[in-house]
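Hey, can you work out the whole structure from these sequences and the hints?
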Amino acid sequence: MKTANPWKTQGTRLIYDNAWITVREDEVVRPDGEKGIYGVVHFKNKAIGVLALTPDRHLYLVGQHRYPLDLYSWEIPEGGCPEDEDPLEAAQRELQEETGLTARNWKLLGTAHLSNSVSDELALWYLATDLVEGEASPEGTEELLVKKVPFEDAVTMAIEGEITDSLSVLAITNLAVLLQRGKI
Numbered sequence: 188m189k190t191a192n193p194w195k196t197q198g199t200r201l202i203y204d205n206a207w208i209t210v211r212e213d214e215v216v217r218p219d220g221e222k223g224i225y226g227v228v229h230f231k232n233k234a235i236g237v238l239a240l241t242p243d244r245h246l247y248l249v250g251q252h253r254y255p256l257d258l259y260s261w262e263i264p265e266g267g268c269p270e271d272e273d274p275l276e277a278a279q280r281e282l283q284e285e286t287g288l289t290a291r292n293w294k295l296l297g298t299a300h301l302s303n304s305v306s307d308e309l310a311l312w313y314l315a316t317d318l319v320e321g322e323a324s325p326e327g328t329e330e331l332l333v334k335k336v337p338f339e340d341a342v343t344m345a346i347e348g349e350i351t352d353s354l355s356v357l358a359i360t361n362l363a364v365l366l367q368r369g370k371i
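Numbering (this note's numbering), first residue to last: 188 to 371.
These are calculated hints, taken from the structure and not from any lab test.
From a predicted model like this one, the values you see are computed outputs, not experimental measurements.
Note that beta-carbon positions come from the ideal geometry of N, C-alpha and C, so glycine has one too.
It is possible that part of the hints are untrue.
To be verified - The calculated label-pair distances, taken between Cβ atoms and stated as ranges, are:
hint, residue 1, residue 2, range
1, Gly220, Leu258, 38 to 46 angstroms
2, Asn292, Ala191, 39 to 47 angstroms
3, Glu349, Asp273, 31 to 39 angstroms
4, Val216, Val364, 35 to 43 angstroms
5, Ile346, Glu322, 30 to 38 angstroms
6, Glu339, Asp271, 32 to 40 angstroms
7, Pro242, Glu349, 21 to 29 angstroms
8, Ser304, Thr351, 16 to 24 angstroms
9, Gly220, Glu322, 57 to 65 angstroms
10, Arg217, Pro255, 24 to 32 angstroms
11, Arg244, Gly220, 50 to 58 angstroms
12, Arg211, Asp257, 42 to 50 angstroms
Written out as structure tokens, the structure is:
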């Protein structure tokens, strides 16, 4: 059921713009009728995640230092997809760049808005199977470690907070439910 938007935008002001995001501040009338402001982060790329799963149910994870949080993070292979790029092609590129893997089989498992109270960032995640090993080619901003873990260990890492990246947690738990229900 779709409802009418109770927010009224009176004006908008660009606060920040770079190659990846824009930040704007909107003058609004809130649902309660009071005037206010609302900050919105617009992402210029979709977020893409890849669940690279082996026949014996091991999952590839990528570890890297995440600058905004100043911490090391284990995640599924991820990256950005420009608006003019096919998301599957972006997923294939990111998997190869970060792990050296290519996959013969791909399936889109889901989509979600990662932080819909302040941003429009859309995430898509894919299951990649029938994997072929190759040479990784990470970007200059990435210093990566790659490890292969039993899928159940990855689920435990996501549930117990060892994996905190939202796209990774969402994709791993989504795949766990699909496997449990026999949908995959």
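Hints breached by this structure: 12
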